[in-house]
Amino acid sequence: MLFNSLTFVVFFAVVVTAYWSVRSWNVRKNLLVVASYIFYGAWNPPFAALLFSTTAMDFWLGSRIAKAKGRHSRRMWLVASVCMNLSMLGFFKYGNFLLQNFQWLLAHFGVIYQPPHLDILLPVGISFYTFHSLSYTLDIYRGVLRPTKSLRDFILAVSFFPQLVAGPIVRAGDFLPQLVTPPGLRMGQFLWGLLLMTLGLFEKIVLADTMLSGSADRVFSYAGPLVALDSWLGVMAFAGQIFFDFAGYSICAIGAALCLGFHLKDNFRFPYAAIGFSDFWRRWHISLSTFLRDYLYIPLGGNQVRPVRAAINLVIVMFLGGLWHGAAWTFVVWGLLHGSYLVIERVIRVFFEDAPWAKNFATKFLAGLATYTAVCIAWVFFRASDFTIATRMLRGMFGGHAHGDAILSGREMLQIGIVTACMILVHCSLRESNIETAVTRLPPWVVTAAWALMACAIILTQGNSNAFIYFQF
Amino acid sequence: MPSSTSNFKRKLRLPRLFFAKPSEITPRDYERPIPQVPWRGMTVVVVLIVIAAASAWEFYCRSIGYGPTLNDNEDLWTSTRRRVKPESIVIVGDSRGWYDVDLDELQKGLGKRPVQLAMGGGCAYPVLADLANDESFHGTIICSVVPRLFVAPPGTPPMERAEKAVRRYRTQTPAQRASQYLAMPLEEHVAFLKQEELALDDLLKRLPIPNRPYAQVPPRLPPYFGTIDRERRARMIEECARPGSELARTIQQIWIPLFTPPPPPTYIPKEEFGKKMGQAIEQRFHDVAELVQKVRARGGEVIFVRFPHSGGLKDLEDRTTPRAGIWARVIKDTAAPGIYYEDFPELSGFNCPEWSHLSAGDSVEFSKRLVPHLRRALQM
Chain L
1 MLFNSLTFVV
11 FFAVVVTAYW
21 SVRSWNVRKN
31 LLVVASYIFY
41 GAWNPPFAAL
51 LFSTTAMDFW
61 LGSRIAKAKG
71 RHSRRMWLVA
81 SVCMNLSMLG
91 FFKYGNFLLQ
101 NFQWLLAHFG
111 VIYQPPHLDI
121 LLPVGISFYT
131 FHSLSYTLDI
141 YRGVLRPTKS
151 LRDFILAVSF
161 FPQLVAGPIV
171 RAGDFLPQLV
181 TPPGLRMGQF
191 LWGLLLMTLG
201 LFEKIVLADT
211 MLSGSADRVF
221 SYAGPLVALD
231 SWLGVMAFAG
241 QIFFDFAGYS
251 ICAIGAALCL
261 GFHLKDNFRF
271 PYAAIGFSDF
281 WRRWHISLST
291 FLRDYLYIPL
301 GGNQVRPVRA
311 AINLVIVMFL
321 GGLWHGAAWT
331 FVVWGLLHGS
341 YLVIERVIRV
351 FFEDAPWAKN
361 FATKFLAGLA
371 TYTAVCIAWV
381 FFRASDFTIA
391 TRMLRGMFGG
401 HAHGDAILSG
411 REMLQIGIVT
421 ACMILVHCSL
431 RESNIETAVT
441 RLPPWVVTAA
451 WALMACAIIL
461 TQGNSNAFIY
471 FQF
Chain G
1001 MPSSTSNFKR
1011 KLRLPRLFFA
1021 KPSEITPRDY
1031 ERPIPQVPWR
1041 GMTVVVVLIV
1051 IAAASAWEFY
1061 CRSIGYGPTL
1071 NDNEDLWTST
1081 RRRVKPESIV
1091 IVGDSRGWYD
1101 VDLDELQKGL
1111 GKRPVQLAMG
1121 GGCAYPVLAD
1131 LANDESFHGT
1141 IICSVVPRLF
1151 VAPPGTPPME
1161 RAEKAVRRYR
1171 TQTPAQRASQ
1181 YLAMPLEEHV
1191 AFLKQEELAL
1201 DDLLKRLPIP
1211 NRPYAQVPPR
1221 LPPYFGTIDR
1231 ERRARMIEEC
1241 ARPGSELART
1251 IQQIWIPLFT
1261 PPPPPTYIPK
1271 EEFGKKMGQA
1281 IEQRFHDVAE
1291 LVQKVRARGG
1301 EVIFVRFPHS
1311 GGLKDLEDRT
1321 TPRAGIWARV
1331 IKDTAAPGIY
1341 YEDFPELSGF
1351 NCPEWSHLSA
1361 GDSVEFSKRL
1371 VPHLRRALQM
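Protein chains in written order, with our numbering: chain L, 1 to 473; chain G, 1001 to 1380.
Because the hints were derived from the structure by calculation, they are not lab data. Where a beta carbon is used, it is the ideal one built from N, C-alpha and C, also for glycine. Everything hinted at is true.
Dumping the calculated EDC-like pairs for lysine to aspartate or glutamate here, alpha-carbon to alpha-carbon at most 20 Å: (1) G:Lys1205 / L:Asp217; (2) L:Lys265 / G:Glu1031; (3) G:Lys1164 / L:Asp217; (4) L:Lys265 / L:Glu436; (5) G:Lys1270 / L:Asp405; (6) G:Lys1294 / G:Glu1087; (7) G:Lys1085 / G:Glu1301.
Covered by chain L, per the in silico footprint, the following chain G stretches (three or more residues, Cβ under 8 Å): (8) 1031–1040; (9) 1043–1053; (10) 1167–1178; (11) 1199–1213; (12) 1259–1271.
Chain L on its own, in the form it takes in the complex (with noise of 0.2 Å):
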């Protein structure tokens, strides 16, 4: 189910009226539950129980881990937690990516290899829910949280359905201690949730699907050469689309989960105004970078190895990152691309970070200027369906077909310009702040006619928008 449908605005009006109507905590938890098993079935009913199995067994697995005497039983019993979401993911999201690599392997030493084509549907947001539970296993592995005693309890943590399929990637550990004490309702929250909801439903269907989705694929779609210029305004158009698209649905999740009375941290921190790419993975995707910091870097040394292994670590995260988002080699290359930046900054920051230049304005809004750049280029990966694509891109950008077409309209160039130039502008106004301090400060005729202005475009839109991007990952 989508949160830019129909389908979902009666389906939430008729959960969050029967939630609030309940008195019991207990039985709004098994509504809960049952409401996150019908908007996940709502798309394919069968990949429900996969859903279930998988947060069954992590359960189970979890109590293991808590009742193992000695160190060796509890790493095997996270092993096997470790290795059966791996697994599931693997079978589901990589397997025709691995037979096909398999094959190129075998032909380059001369076998000629024909595998069968795995006719495997991807469950939607697998990525997502397989990192709710696995985070489980590994907290009570590490010692920072006790197994919950109630099955319901662990479900609904998995499965709640503001987040589960497409993040943010809600720890366990963050949302077991929200199902302790039942949440009053509390007008403020409840209707400071549902403007979330708008702002993040305007970013998605207006901001992402109208203004810059079209231009983006009509760009990347090209067979053919383009001009500097349309190249260019294609990838600030996609990474305006990208942004829009998941910090959207993450808004959405935390407001509707806001309006059910659970709090969900931030997934997005204004992040085309970081300066530097530390800075930028501290506000892009947060919940998937903390989990990559702390349950991958941090257990292979982090920063308390020597620099060259440090920075080996840091590629092999973004690596691991990249081929998250896809079963492709362009994920990759779009991790490894960011690792890469990663490990320059650091280089950069050793020689550099105690100068006095390095601090002024004009230095920093340079540096900005560099992230985003960098960044935009990292995109080209991500979002070219091959190499080919990709390459035919990044001449285009740098002024490799000078004699290229140039396919976007008038109107499609001034949208991506004044779009990009807004975001830009609104992330760094609000870098060092949060979203909830600007309402505050704003007068409210200002917030007021903001909300009123996305709805009305939003019903302007009237849904047709396509599906979140990271619902495929």
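Following the hints, complete the assembly by docking chain G onto the known chain L.
What follows is chain G alone, placed relative to chain L:
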């Protein structure tokens, strides 16, 4: 001195964080800040503004000629596709098969109510393939042929449109189906709910913003000129059917660039492009012939129909896609019955107000006159 193995283990040793003291699950310790603003008052004002704005927009849209009608999207197409029974009569192809056929008249004349699967700007091939590959189907397919759309190669909008609809039929989720059922009553009562006409994206496209002179921008699509019902029966609106109306004249001028063959892409040599297109069209003839044979082998039938068109558009189509070309080849290769409206005086006297489709009234009369030809083709 540690062995290499112990050294390796030491290097991989998990940091202290992994062995922190376990904590109980305790009540929440994280709460999002809630802005302290007058929430109730603001919400009331927002609701009032939204209701007022939506009402004003609805009133304005109706005042300039828009009326409530369903959106012809892939979900509506899917719900119609589900009505196809093994022995159904199905109409496939482009917008002429969609606007020019009256289901009531065909039902009277052929004894069965046809299922309308033709679509505006769509290529017949993906739907033909879907039905031909449906082993249970052994009914009749009435296929409208607009040559340029019929041979549209993969990757072009006519093919993508039809493929998208067929794909939705195969993969429609329960949520998408529910959204369609919820949307239909709304669309039947609210005039501004027109996804391809009054959505924000389309309103932006109407802004008079100049393009770069050398930019390759897709041609404009025609504005709203028809309504459809739950059976996907399309009818031209009165405003467009009125002879010489501004709307009809505007649409006439939009058809010309849409039906004019686009120049070959700059990045492929002209000869190579021509050769590729030729191969793609040959392949289409071959594939269509195979599909027709599949349907016929199961006892079904496919009838190709060329519907009326007039004015400058007819001149253009006759020049760029003459009858002796694609139409003749399809009929020859498939050996299927074909009805070309110009062959029969009773089918030829119709005038298309906007050059491409019949008015709602004429579509009824045309269908009535088409029935005997269809009966003959079906040997009824």
